[in-house]
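Novice: One line per chain: the protein sequences are A and B, in this order.
Quick note on numbering: numbering that gives the first Met the number 0 labels position 110 of the first sequence as 109, and the sequence is numbered without any gaps.
Quick note on numbering: numbering that gives the first Met the number 0 labels position 215 of the second sequence as 214, and the sequence is numbered without any gaps.
The set of hints was computed from the structure by calculation and includes no laboratory data.
No incorrect hints appear here.
Calculated pairs, DSS-like style, for lysine-lysine (alpha carbon to alpha carbon, straight line, at most 25 Å): (1) B:K158 to A:K146; (2) A:K146 to B:K138; (3) B:K61 to A:K61; (4) B:K39 to A:K149; (5) A:K39 to B:K61; (6) A:K158 to B:K138; (7) A:K155 to B:K138; (8) A:K138 to B:K146; (9) B:K21 to B:K1; (10) B:K146 to A:K149; (11) A:K149 to B:K61; (12) A:K138 to B:K138; (13) A:K146 to B:K149; (14) A:K61 to B:K149; (15) A:K138 to B:K158; (16) B:K149 to A:K200; (17) A:K158 to B:K146.
2 protein chains.
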Amino acid sequence: MKKCIVLSSGGLDSTVTMAIAKKLDYKIFALSFDYEQRHKIEIESAIKVSKYFNVERHIILKLPIGQIGGSALTDSAIDVPEGNIHRKEIPITYVPGRNIIFLAFAVSIGEVVGAYDIFIGVNAVDYSGYPDCRSDFVKAFEYTVNKGTKAGVTGKNFKIHTPLITLSKKDIILKGKELNVDFSITTSCYNPSSNGNPCGKCDSCILRLKGFEEAGLTDPLPYMK
Amino acid sequence: MKKCIVLSSGGLDSTVTMAIAKKLDYKIFALSFDYEQRHKIEIESAIKVSKYFNVERHIILKLPIGQIGGSALTDSAIDVPEGNIHRKEIPITYVPGRNIIFLAFAVSIGEVVGAYDIFIGVNAVDYSGYPDCRSDFVKAFEYTVNKGTKAGVTGKNFKIHTPLITLSKKDIILKGKELNVDFSITTSCYNPSSNGNPCGKCDSCILRLKGFEEAGLTDPLPYMK
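Chain A extracted, bound-state conformation:
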């Protein structure tokens, strides 16, 4: 059984990505990060998701990204803006270098456990403006790690899988339904209430709700509004 790493945030996209890896019969090492994010509740969701898919191991790493700041997701002094999914500029919820850091750890762990397939649920269709979710970044990163790791230079090629990259949110949700994803254990909100209920107003909630609507399904989450 081939091993893989799945970056798991407990959100919709990474959970559907994990369902896809499961369907492909991978032995799954889930990887989540406690990075002092405002929406820490996502780690609880990620744990539920790992149990749901019966993963081999769930690794949760504590990273000092909050110490770096510069994002509404990690700096409580910066407000999470209400949703505007049509904005052109890169939003303040962008965390500088986040996926570069996350993928770097995935590769490091992959090298140690012998998992050269890395799955990440990035998506460039319902585009929220994050440069580290684009295909040309992911391809360049894959090339780079195959130059800069022992596994890469000794022929055990790393492959970064992005099965959602060309899907709309609607199609991601339909794919999740097809693969029996339990949407009620996922969480997508950038700014949840203290009991974990999603705000329904941030970019991430708006995109999710729009996706469910277009898919003709009801989102089971208990939105605040």
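Using the hints provided, position chain B relative to the given structure of chain A.
Specialist: Chain B in isolation, oriented as in the chain A frame:
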């Protein structure tokens, strides 16, 4: 005054790299990592080095690399081998993905503080077999971060500077001497004694001692042997 990030381990190479950045009149943000390494003493050296060069800020981040394991530098169950600088294979002191992770954090911080010049003291001449110290890796990483960051895609190009990459250890030491580096505050040993004295036997000590000898200088460090 242009800002830069210098990755600082408190070792010889990163300290000479910092001296070069200082000479180029950069405002320096030093970046060190407490990654549960066996040779934690290097952080104390890095702090001394930052004071010596009067850096703008010294950021020390705690990373859970020890949790990942797979290297003699981070796993106390794996012994640091005695030196063999002529070995062909990648040594067990290789830390999977280390420079990918370190550079990812440098870029993240660089983006927040507005420092797009990143200095790293990697060296491919007195080659100890680390794939993440080679020029083709560094160039690929630079390309990647300019695709995957807000700074990169909005025209503030990141540049990864590797001023030592083609220098021998002897030449690095002579460059340091020319730039008034105080070698007594640096540390290079992978396996120091509890009071911080270098072992004189690991790859890193052997390379350093050989460099000083070839440079016709005396290493001021109090070696154990």
